[in-house]
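K.L.:
First to last, the sequence lines map onto chains A and B.
Numbering (the working numbering) for the first sequence: 205 to 455.
Numbering (the working numbering) for the second sequence: 47 to 363.
Among the hints, erroneous ones may be present.
[Stated by the list, open to error] Restraint ranges, calculated between C-beta atoms of paired labels, are given here:
1. A:ASP251 x B:THR88: 42 to 52 Å
2. A:CYS228 x B:ALA237: 36 to 46 Å
3. A:CYS228 x B:ARG282: 25 to 35 Å
Rather than coming from a laboratory, the hints here were simulated on the basis of the structure.
Computed from a prediction, not measured in an experiment: that's the story for all the values here.
In this text, a Cβ means the ideal position worked out from N, Cα and C, and glycines have one as well.
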Amino acid sequence: MTALPAATPKKLGLVIDLDTCVGCHACAVACKQWNDIGEWGPLPDVDGSGPRPEGAWLNRVHSYDVTTPDGTGMTLHFPRSCLHCEDAACVTVCPTGASHKRADDGIVLVDPDTCIGCKLCAWACPYGARELDPVQKTMKKCTLCADRIYNVDLAPEDRQPACVQACPTRARHFGDLADPESAVSRLVAERDGQALLPELGYRPVNRYLPPRPRRNKAGDTGAPARLEDGHGFDADRASPLLRWLDRVLTR
Amino acid sequence: MHPAASVIAFTTLSGAGYGLLVWLGLLVGFGQAGRSPALVLTALLLGAALVAAGLLASLAHLGRPERAWRAFSQWRSSWLSREGVAALAGFVPILGLGWAVLAGAGPALRDAFALALVPASLLTLVCTARIYDTLRPIPAWHNRWVLPGFLALAAASGGALLWALGVLAFALPPHRGDGVVLLVLLALAAAVKWAYWRHIDRHPGGVDPAAALALPAGSAVRSFEAPHTEANFLLREMGFALARKHGARLRRLCLVLLVVLPALALALAWAWPWLRPPAAALVAGSVLVACALERWLFFAQARHLVMTWYAPQGPGV
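Using the sequences and the accompanying hints, generate a full structural model.
P.N.:
See below:
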C-alpha cells in the first residue's frame, strides 16, 4: 500500500555526526557488503571486477571544502542515504505498492518482488536516496538493516545497522527518534541536530549533527596564546637584550 | 533529467493520439460524422494506434516490464497508476465508437461514445502531466505551466494529424476554416511552451548547497572528492548536461517546427490548393518532430535537486 501511515509509534532512524565523520567510506562499504546478502538484496554490480564497475549503493559519502560565513575553512564529509521521511513522496508515487513505509517503525522499504523499476520514486526523492539496481532492474534503497536490528540470530551488539557498527569514529548513531528519552534524541537535543532541507516538506526522520565550531586560533587549541600575535614575540616576558633588539629592529 | 527515448516516444505519440481522439470526439459528437464515416473510422484507428504505441513504448522504460500489470493498483495515491487506469479505461469509448460506426448503431449511441472520448482522453493527458508537475525535487517540472503544456501540445499535434489525415487520405475539399483553427492551435501551443521556458528560466528553483549539508546559510561549498569514481544511476538519470549548452538554439528550432514552418505550409496550401497534400504531410511531420523535440528539452533541461550534492557550485551538471 502506498498510503502513508498517519503516524508511526516508533521513528527508527540514523543520527550522523558531521563533526566526527572522516569520510572513510567504511559505512558505505559495510552497507554494500551486508545488503548484498541481506533480505532485500542482493546488490550486484555490472563489471564488478573490471575497469568500469557500477552498481547500486545505499549510502554515498561526499567530501567538501567549506568556508563558513565567519571565514572559517573546514573539510566536511557528508554521508547521504535514505532519511526515512514521514511524508515520503517516494512511497505515494509508487504505482505498484512496492515502495512502502512500515506502520510500526517507520522504515521505508521497497519490495523487490513487486517493484517494476519505473524509477518514479527515485525522481520523487530530493535526497537521491534510491538507485536502480543495474542487474535486477528494481529500485534499491537503505533498509535501515531491518534484517539486522530485529534479528535474534545475531548477538545483541550486532543488532544495529551495518553502517553504524562499521563506523570507526562513531559518527553514526541508530535509534528511535520518536522517543525523546532515547540516546539519539538526546544527542539531537544536545548538538542541535538538523533535519535535512525541512522546507521541502518531506519531514525526514534522520538527523545530522552540525560540525562543532572550528578552533582556528592558537589559543583555542591549547598552544600558547602569544603565538597568535603575528610573530609570537612577547615583549613583557623577553630578556632586556631581546627587548632592546626588538626596539632597534622595529624602528 | 535523462531524456529516455521510451518516455519521449510515449508522451509524444500518446499525446498526439489523445489530441486526435479529442478532436474526433468533438467533431462526431457535434454532428460532423456525416462528412465522412470512413474518415471517422480511420482517424479512430490512427488515434488508438498512436495511444497503444505510446503505451507499449512506455513499457520499455520499465526495468521489469513483465510486472507492468501491478501498476494499476495504487490509483489512490499515484498519478502514474491513475494514468494507467485512465489509459485502459480510455479504450472503452474507442472500442465503443468503432463498434457503433462499423455496426451502424444509431447516431445517438455513436455520438455518446464520441463525446465520451473527450473526457477520457483529457483525463489520461492530465494524469500524465500530473506525474511530472507533482515532483517537487525537479523545479522545472513542478510548476503551473506543465499541465497546460501537455494539453496544448496534444491538442496541436492531434489537430495537425487529423487535418493531415483528412487532406491526404480523404481529399477533404478546401475549407479555409480548418487551416485557421489549426494555425490557432499551433500558435497557442507555441505560446504556452514559450511561457513555460520563460518561467523555468526566471524561476530555476533549487536549494542552497549550505542548507543541503545542514550548514549555516552563506557557507561556501566546493566538492573536492566525489562519492564514487565511476558513474551511477543518479548521475546517468539526473545528471544530464548536453541540453544546457544548446538549449536556446533547440528551443528556437522547436518553435520554428511547431508553428513557423506549418504556417508557411498552410499559407501555400491556401494560395495553391493543389499543394494541399504535400503541405498536409509537411505540417503533420513538422509538428510531430517539434513535439518530440519539446519533450526531449522538457527532460534534458530539468535539473534534479540531488545534483546539489554532486555539483554544489552551481548548475553545471
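K.L.:
Has the hinted range 42 to 52 Å been met by the Cβ atoms of ASP251 of chain A and THR88 of chain B?
P.N.:
Since ASP251 of chain A and THR88 of chain B have Cβ atoms about 50 Å apart, the given range 42 to 52 Å holds.
K.L.:
Kindly confirm whether 36 to 46 Å is satisfied by the beta carbon distance between CYS228 of chain A and ALA237 of chain B.
P.N.:
Once the Cβ atoms are compared, 55 Å apart, the range 36 to 46 Å for ALA237 of chain B and CYS228 of chain A is violated.
K.L.:
Falls inside 25 to 35 Å, the C-beta gap from CYS228 of chain A to ARG282 of chain B?
P.N.:
holds (26 Å)
Violation of the numbered hints given earlier is confined to hint 2; every other hint is satisfied by the structure.
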